[in-house]
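Asker: Spelled out from the first residue to the last, the chains are:
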Amino acid sequence: MTQLHLAVGLDGAGWHPAAWRSSTARPPELFTAAYWKSLVAEAQRGLLDFVTIDDTLTIQSADHFAADERTDQVRGRLDAGLIAARVAPASAYLGIVPTVTTTHTEPFHVATAIATLDYVSDGRAGVQIRTGGLGGEAAQFGRRNLPTLSWERLQEPEVQLAVAERFDEAAEFIEVLRRLWDSWDDDAEIRDAATGRFIDRDRLHHIDFVGREFSVRGPSITPRPPQGQPLVTALGHGTVPYRLAARQADVLFVTPADAAGARDILAEARSLAEEAGRAGELQVFADLVVFLDSHQDELDELAGTDSYTEARILAGPVEELADHIEELHQLGYAGVRLRPAVLPADLTAITDRLVPELQRRGLFRTGYDEPTLRGRLGLTRPAGRYAHLSNGSAR
Amino acid sequence: MTKPRKQIILGAYLGGVNHQTVWSDPAAGSQIEFASFRHAAQTAERGKFDFFFLAEGLALRERLGQVFDQDVIGRPNALTVLAALAEVTEHLGLIGTVNTTFNEPYELARQLATLDHLSGGRAGWNVVTSSDAFTGQNFRRGGFLAREDRYVRAEEFVAVARRLWDSWAADDIVADQESGQFVRRSDAGSFAFHGQQFDVSGRFTVPRSPQGHPVILQAGVSAEGREFATGGGPDAIFSPYHTLAEAQPFYRDIQERAARHGRPAGSVKVLPGGAFVLGDTEADAIERQREIARAQISGRGAQILLETVWNRDLSGYDPDGPLPEVDPDPDGPPVIQGRARIHQNPAATVAQWRAIADQHKYSLRELAVHVFGHVEFVGTPAQVADRLDAFVQNDGSDGFILGSHLTPTGLDEFVDKVVPLLQERGSLRAEYEGTTLSDILLLP
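Protein chains in written order, with numbering that gives the first Met the number 0: chain P, 0 to 394; chain H, 0 to 443.
Covered stretches of chain P (in silico footprint by chain H; criterion: 3 or more residues with CB under 8 Å from a CB of chain H, positions within the stretch not fixed):
1. 87 to 93
2. 110 to 122
3. 202 to 213
4. 219 to 226
Quick caveat, the hints were computed from the structure, so don't treat them as lab data. Note that the Cβ used here is the ideal one computed from N, Cα and C, for glycine as well.
Construct all of the structure, not just a fragment, from the sequences and the given hints.
Answerer: As structure tokens, this is what we get:
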């Protein structure tokens, strides 16, 4: 069997809406570098594959589609891409994967930012792609009119169309990222004093992308990043996002509710990848919200709800969680992304207790070896897609 | 009563993606690896500099439709590198150049406030504008902005950013675990701005950062640029002047405009860029500067630098021969793209250059070296320290943003040899005081 991969999803004080009230939480520190560095150090201590850093361009809300007026939950967040860059030089081996919204942002800026994250982390960068359009996001940018979403309107044709268009845009966005990362051949910089050339210009390429929402000429301003292509990931809860990932992502996060769901979703994702001509190229991770140290009942009571996530919640002893992960792995999942209910307590419990249990079972690594994120996931470093065009130029 | 001695503000600039950076020198390192940025920033901090400064790239320069290949090219995303540098420095301000034309205030204000949080209040933003359709080809909106609207958009952009930074009060985060109140008010982060360029509203996600507003720098010597500089309220402005005769009136003008806008004395710092070449003797330094200039400007490089003004293909002209006899062609299709136009009146510039070349019997390349290879501060460490200090004490500026021809170690000798002299005379701090960039710059 392939190696099991373990990722951790980081968001604010943890995934439970009352996480910040746990006695172990550190709510005043949520917006400090020290907090994020300590989380990343803990994940690295646990030999985890990578962390994701969640982000949205809207304020958090209990209502998925609009800002609310609550004052009893964490509100406010920092830009995930910059958190990732801030913690990168303070860590090693661990992959760092910030979330980026594709609906209002510039693919050119995102491409250079993630390429730069790859440089400052020596090849440990990835990105989690997320479509936007929720909760008044468009008004914050003031450039596009997008239909207002709500649970009631979600099935309306106009809204469905708008959602589908956001995913089409995300597909174009990823395409542009990938082309820009490849727009410099690896050996473009020649520093050839004899001919006075710093680069061989034949090894730089216009990407000439023309899409529905944007056109990007290229090349990138940033040379090809250390991994060639930083890891592209996406979270999906249905066929539309699965298809996006199947076509263009390296990793898909999914949220099966049970074993049967896990089987079905994996089968669907695989068949979509096959359809896209990418059989075997998409790694699927199951998302799990985990309570290992914190107490689910107490937090649910504080929050006044137990409904806050589409991911399966596991609150049993560590052996049960390990059983569950093992079962998913046997089904064919590349790994799991654990979302600690409370940070840092449930993350510390993952490294202190879950990881040793998985190691005991021979399922998980006992030391880091591969320095890059792609390497750890068994992905090769791809050749630049334009490199062949440079062949025959005066080298 | 004698005037109190001014503290010299020093910024360190790395990553010249232009002819000034010499890549053929055996000591020249990577312009993209993080180790280069770390070395330069840590050197600046060792020299008690105020801040580290990065320029921005939005499109690679092209000549006749082909990417420049004679100069260093390839740079990182500035804010990403600055966030990483916050880990390896402790006091140094971290200032990034970001364009207002190809960004949106909500996203950029969020990034700058984040950088301010993650650096403990050391973030700064150099506001620049552009409007060229060439650069626009890399962005959603293309070349959407009319040239005359650049400052309107920039001014509104800064106003929106400031409103976003003010949308959270310093005490809005309560985080009281006992009572269960996280934010003080239900509408923390609410904002609205209705202007000519931006019509935006919503909730900002980043709580108030240590500085409240990151430090803002701005360039621009045109009248509207200066108005923006003082009315829009930047904390520092670039100056293009390096002689006291030119610099002092500019300095006075900025101070007067700031006062007219009701800003306290010392609230707008004036900072020219500058390069330096040191030698054991003055003659050594001058000789070294000549060598560096010849390394910076090859024959081919000289043709291309002149093309920026002639706007003609000059590749057929012998670099060691006379200046091209043809006149510039300002209305022709652009030969060079992705580089700001530095000469507004090509015909006058060419006439001036011809006069210089005639007088000194300069070849094409020698003229290019004379014009583009100019270095402001050449001399022994003591001479350079004297000139820098005198320029500031005589109100030519409040300090300098210093760059070098060598990446990433060019600043080392300045820190080793000139900084101690400035410290000895009390013009540069011996230790950092305060924690934020605003503190370090002594902003009122």
